[in-house]
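Listed in order, the protein sequences are those of chains A and B.
Counting from 1 along the first sequence, just add 1243 to a position and that's the residue number in this note's numbering.
No gaps in the numbering here: position 12 of the second sequence is 7 in this note's numbering, and each next residue is one more.
Each hint should be verified, as a subset may be incorrect.
[To be verified] Per the computed footprint, the stretches of chain A lying under chain B, defined by three or more beta-carbons under 8 Å from a beta-carbon of chain B, are:
#1 1269 to 1283
#2 1416 to 1422
#3 1514 to 1523
#4 1604 to 1618
[Claimed, not checked] With a straight-line Cα cutoff of 27 Å, these simulated BS3-like cross-link-like pairs (lysine-lysine) come out:
#5 A/1510 with B/24
#6 A/1613 with B/38
#7 A/1341 with A/1354
#8 B/38 with B/2
#9 B/2 with A/1325
#10 B/90 with A/1519
#11 B/38 with A/1422
#12 A/1325 with A/1619
#13 A/1359 with A/1475
#14 B/90 with A/1510
#15 A/1378 with A/1594
#16 B/2 with A/1519
#17 A/1268 with A/1341
#18 B/90 with A/1475
#19 B/24 with A/1422
#20 B/90 with B/38
#21 A/1359 with B/90
#22 A/1593 with A/1378
#23 A/1578 with A/1594
#24 B/38 with A/1619
#25 A/1354 with A/1475
#26 A/1613 with A/1603
#27 A/1578 with A/1268
#28 A/1582 with A/1381
#29 A/1613 with A/1594
#30 B/38 with A/1519
#31 A/1422 with A/1619
#32 B/38 with A/1510
#33 A/1578 with A/1381
#34 B/90 with A/1354
#35 A/1341 with A/1359
#36 A/1582 with A/1594
#37 A/1579 with A/1359
#38 A/1603 with A/1341
#39 A/1383 with A/1578
These are computed hints drawn from the structure, not numbers from a lab.
Think of the CB as a built atom: it goes at the ideal place given N, C-alpha and C, for glycine as much as any other residue.
Spelled out from the first residue to the last, the chains are:
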Amino acid sequence: MSETFDAIVIGAGPSGNACAYVLAKSGLNVLQIERGEYSGSKNVQGAILYADALERIIPDFREEAPLERHIVEQRMWILDDKAHVGGHYRSDAFNEEKPNRYTIIRAQFDKWFNRKVREAGALVVCETTVTELIKDGKGKVIGVRTDREEGEVYADVVVMADGVNALVGSRSGLKPEVKPETVALAVKEMHFLPQDVIESRFNIGEEEGVVIEVAGSVTVGMVGTAFLYTNKESIAIGIGCLVSDFTEAQVRPAFLLEKFKNHPSIKPLLAGSEVKEYAAHLIPEGGLPAVPQLFGDGWMIVGDAAQFVNAVHREGSNLAMTSGRLAAETIIEAKKAGKPMTAQVLSAYKKALENSFVIKDLHKYRRLPKVLHHNKHFFTDYPRLLSQAAETMLRVDGEDKRSKEKKVTKSFRSTRSLGGLIGDMFNLARAFR
Amino acid sequence: MQEISIKVEEKLYQNRYMVDEGRPHIVIKPHTQPTEALASLVKICPAGCYSRTETGQVEIAPDGCLECGTCRIVCAATGDIEWNYPRGGYGILFKFG
Chain A
1244 MSETFDAIVI GAGPSGNACA YVLAKSGLNV LQIERGEYSG SKNVQGAILY ADALERIIPD
1304 FREEAPLERH IVEQRMWILD DKAHVGGHYR SDAFNEEKPN RYTIIRAQFD KWFNRKVREA
1364 GALVVCETTV TELIKDGKGK VIGVRTDREE GEVYADVVVM ADGVNALVGS RSGLKPEVKP
1424 ETVALAVKEM HFLPQDVIES RFNIGEEEGV VIEVAGSVTV GMVGTAFLYT NKESIAIGIG
1484 CLVSDFTEAQ VRPAFLLEKF KNHPSIKPLL AGSEVKEYAA HLIPEGGLPA VPQLFGDGWM
1544 IVGDAAQFVN AVHREGSNLA MTSGRLAAET IIEAKKAGKP MTAQVLSAYK KALENSFVIK
1604 DLHKYRRLPK VLHHNKHFFT DYPRLLSQAA ETMLRVDGED KRSKEKKVTK SFRSTRSLGG
1664 LIGDMFNLAR AFR
Chain B
-4 MQEISIKVEE KLYQNRYMVD EGRPHIVIKP HTQPTEALAS LVKICPAGCY SRTETGQVEI
56 APDGCLECGT CRIVCAATGD IEWNYPRGGY GILFKFG
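Using the sequences and the hints given, assemble the complete structure.
Next comes the structure, spelled out in structure tokens:
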């Protein structure tokens, strides 16, 4: 491999596949390097696919991509040890010709996406780990070194789509190391059940899906959330918390998952299932303050490697695909104009991101990671108070309603005090503004 | 906290691995007393790869590693471990992910 490529893409997840596909489709000479046996073999996600981001890359993806169910119902649950308080949104409007969100199984989906990359003309090399970037005397990135023999390859530009650990960029000094406070560790299991059991258990039709997003006592005081997604013949269930909280609380991640699975609101949904995989993965949760420098002479960073996750809305793969596409479009524009891949030329990538929902959404929630980190009671006191309030008001036991209301108000004020309650509301509102 | 008995090893049996025999991708630096960060891995590694020896050191058996990178990040500041991706093609092979 001594030729020089127009671009090298490191990694074959959603951002890398999106980037390599768009580049190859435009006729550029693209090399994509993936360390796994196939695209998807190292990748973990819940997983929800947001159609819009992919539609802008492969408009007719629905005809051939391996999709599980389109989502018609979203349940948001706050758990305490025995109960859940929740809000559900279900709409027949989600049963549209081109549905908006799907559950997917990443190993299968990524394999398909990567096949499209190859069909578009990119050279995809799997089972190869990039060990470092090659720079010229002036510090411009001109290629990558791999763990293959004579595994040095050169290109005009290198796109790092190497995921949350992003070793290539941090070892080359282009980006700071990820911090335990800005990344969550999530563990996940795949539970298999017959299709008709899933459909009757969740009250859904053949193609319809339900997602449940959960917060509360199930994370035992740590900042985190849990989820349950319905696939065609399986249920994906997982839970994640900040790594810094795991180290501080010394909680076993597998224990946390078991606790969640055994919650009385969750257990019946999984009854009789067969577990076929246990996975763990990191999720960037630092938001905008954790986003590194995104480009330089001969290099760009996309996807999880750039910390592009909207933790509030549980979005990541769409930010990944969009950033991959925008990086590719920047390169294509530069090539067309005959410009070199300098930091100045590649800065158009950052501008494009700022004009897209990617940076706009991250900016909107830029304060939230800090607020949650310093206000653990959102995950402990409030779930318990909400659950107690609901139980107090719903239980009919001869006590009059006004006394019950007083009891509820008192429980909130004695736990958080009036000033605390107002401060919490202010902080939350400000973080969401 | 209520006790739920879990065996991480049993969870790992479900997974597919291609083990690179004799070439561990994570190595712990020799130590007599583990740092707090290193000691914490015994509990928080989701694959239960880390354990304590009888003499109090922390050791690792990375065959069941899920390659999440938690230990790498926790010990980045202390330099207790050397962490690399497995060689291309080796390590965990997610069937579903």
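Hint-by-hint comparison with the structure:
1. 1269 to 1283: Per the Cβ count (4), the hint holds.
2. 1416 to 1422: Holds, because 3 residues of the segment 1416 to 1422 of chain A bring their Cβ atoms closer than 8 Å to Cβ atoms of chain B.
3. 1514 to 1523: Since 6 is at least three, the answer is holds.
4. 1604 to 1618: violated (count 0)
5. A/1510 with B/24: Not satisfied, since the Cα-Cα distance of roughly 42 Å exceeds 27 Å.
6. A/1613 with B/38: Measuring from Cα to Cα gives roughly 26 Å; hence the hint holds.
7. A/1341 with A/1354: The hint holds at about 22 Å.
8. B/38 with B/2: The hint holds at about 13 Å.
9. B/2 with A/1325: Cα-Cα ~24 Å, so holds.
10. B/90 with A/1519: Judged against 27 Å, a Cα distance of about 9 Å means the pair holds.
11. B/38 with A/1422: holds (19 Å)
12. A/1325 with A/1619: holds (20 Å)
13. A/1359 with A/1475: OK: residue 1359 of chain A and residue 1475 of chain A at ~23 Å, within 27 Å.
14. B/90 with A/1510: holds (24 Å)
15. A/1378 with A/1594: Measuring from Cα to Cα gives roughly 25 Å; hence the hint holds.
16. B/2 with A/1519: This hinted pair holds, its Cα atoms lying about 15 Å apart.
17. A/1268 with A/1341: holds (24 Å)
18. B/90 with A/1475: holds (16 Å)
19. B/24 with A/1422: holds (21 Å)
20. B/90 with B/38: holds (26 Å)
21. A/1359 with B/90: holds (20 Å)
22. A/1593 with A/1378: Given pair residue 1593 of chain A, residue 1378 of chain A holds - Cα atoms ~22 Å apart, limit 27 Å.
23. A/1578 with A/1594: holds (18 Å)
24. B/38 with A/1619: holds (21 Å)
25. A/1354 with A/1475: The hint holds at about 18 Å.
26. A/1613 with A/1603: Answer holds: residue 1613 of chain A to residue 1603 of chain A is near 18 Å, not above 27 Å.
27. A/1578 with A/1268: This hinted pair holds, its Cα atoms lying about 14 Å apart.
28. A/1582 with A/1381: holds (18 Å)
29. A/1613 with A/1594: At roughly 26 Å apart (the allowed maximum being 27 Å), residue 1594 of chain A and residue 1613 of chain A satisfy the hint.
30. B/38 with A/1519: OK: residue 38 of chain B and residue 1519 of chain A at ~23 Å, within 27 Å.
31. A/1422 with A/1619: Judged against 27 Å, a Cα distance of about 19 Å means the pair holds.
32. B/38 with A/1510: Distance of about 25 Å is within 27 Å: holds.
33. A/1578 with A/1381: Holds, because 21 Å separates the two Cα atoms, which is no more than 27 Å.
34. B/90 with A/1354: holds (11 Å)
35. A/1341 with A/1359: holds (20 Å)
36. A/1582 with A/1594: Holds, because 17 Å separates the two Cα atoms, which is no more than 27 Å.
37. A/1579 with A/1359: Answer holds: residue 1579 of chain A to residue 1359 of chain A is near 23 Å, not above 27 Å.
38. A/1603 with A/1341: Given that 27 Å is the threshold and the Cα spacing comes to 25 Å, the pair holds.
39. A/1383 with A/1578: holds (17 Å)
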